[in-house]
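Q: Residue strings, one per chain:
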Amino acid sequence: MDLLGFGDLLLSGTWVTIKLALTSLFFGLIFGLVGASAKLSRFWFARTLATLYTTFVRGIPELLLVLTIYFGGSVMLMAVASRFGYDEYIEISAFGAGVAALSIAFGAYSTEVFRAAIQAIPKGQWESAQALGMTPLKTFFRIILPQVWRLALPGLGNLFQVLLKDTALVSVVGLNDIMRQAYVATGSTKQPFTFYMAAALIYLGLTIMSTLISTWLERRADPAVREAQA
Amino acid sequence: MNWNWEIILEYFPRLIDGVWVTLQLVFISGIAGLLLAVPLALMRTSHRTWLRALPFAYIFFFRGTPLLVQIFLIYYGSSQFEAIRASALWSILREPYWCAIIAFTLNTAAYSAELIRGAIQAVPKGELEAADAFGMSHWLKVRRIVLPRAFGIVLPAYGNELILMLKGSSLASTITLLDITGAARTIIARTYTPLEIFFAAGMLYLLISAIMIGAFRLLERRLNRHQHYRGPEQVSRVDPRLAE
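Listed in order, the protein sequences are those of chains A and B.
Its first residue numbered 1, the first sequence is counted upward by one per residue in full-length UniProt numbering.
Its first residue numbered 1, the second sequence is counted upward by one per residue in full-length UniProt numbering.
In short, the hints are calculated from the structure, not lab data.
Virtual Cβ for every residue (Gly too), placed ideally from N, Cα, C.
Treat each hint with caution, since some may be false.
Coverage of chain A stretches by chain B, computed from C-beta distances (three or more under 8 angstroms per stretch; other residues unrestricted) [as the list claims (entries may be wrong)]:
no., stretch
1, 62-71
2, 161-175
3, 189-196
4, 222-228
Hey, can you work out the whole structure from these sequences and the hints?
A: Right under this line is the structure:
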């Protein structure tokens, strides 16, 4: 597909979108796991902090989060830097701000998914691991997490689709993703419908692919299915 | 960094103007989206394959692509066609306000149609059989049994959808509308105090969604009051603590 000579540009935008989505997924999963551990923690302070995090982040628009981190982040960094005697202007890259905003948002939603999955695992498993002499940390990584993975996958798959679509918002602060490149192509060809439709179809292709991958992962994670195939 | 509360107070009226625009966008497109979603959901549950295929394609497209693309397709995309520019539709499609409403309506209709379809399929079979036993026609059954029951079932999920739409409405700021986010962006362009103003905007969104959650709890109690119904024999039964 040539698209009046702008096919390559859209393709490069697609690559940026994929990189943004996967990087945010990586950090978002870490935020989600930490958030879920904090929500289930014995310590009152950690629980409150995690509840504040999920309530605030889930209640405000993702676009506002992207804008706050992109424009507010540099103000904050400059304030910190000036304490150390550095008074130059600091600019955050659109990619960095996008990763920060999207992973914070993904983390808030996946906190709930992980929390529900961890709670769904019978308490007896913690107790038997303790009886075998495992530390709580070891129990978490060896016994609980492998099972949480299977229970959390369907929820995480849905959240990844939301994340994939939210990457479009980062084009508002100038990241060269699919949306931005479609806008650039529109500028010189005066064919906005063609290029935004092309962008829409690329996103549709990406969501279809992510659905296929998450169903494949779900099947693989289910021991019943895996044994039946073997 | 010094946090500046005065700047929030000074520009607060401008943000409140944005709240009205946001609420208009959410409620107008919410209602229009619901009106569109009901026939789509009914078509999705039809027995005829061709009748099911059309809403499937529609829902698939609108749920699979970002809302931002949909807004841009309608606002910028419609100007590509001479036929649209020459028609009476152009007076609507050239206004960002109506383009945002059309995009949000089409988007929320796709998501709500899936929710309503699930609810329609969750209506207990026995109630449909009872309606058949009364000799109700298909449409009478849909009107009196299926839809009222489906609305009660769908309500909690629809509340979530409305909150997602509230958050999505911030995208209207990308096509120059002065909703909460749009107002915040114009204020920041003048004052360069992004943290304070975006914080205030975020609090306004949180407040609106908290009010919406509360309103939906009340509505749910009302619509699903059969679930909380207590018969006279339960109510008049003596309190067990007294009957010793």
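Q: Evaluate each hint against the coordinates.
A: Tested hints:
no.: 1; hint: 62-71; verdict: holds (count 6)
no.: 2; hint: 161-175; verdict: holds (count 7)
no.: 3; hint: 189-196; verdict: holds (count 6)
no.: 4; hint: 222-228; verdict: violated (count 0)
When the structure is compared with the earlier hints, a violation turns up for hint 4 alone.
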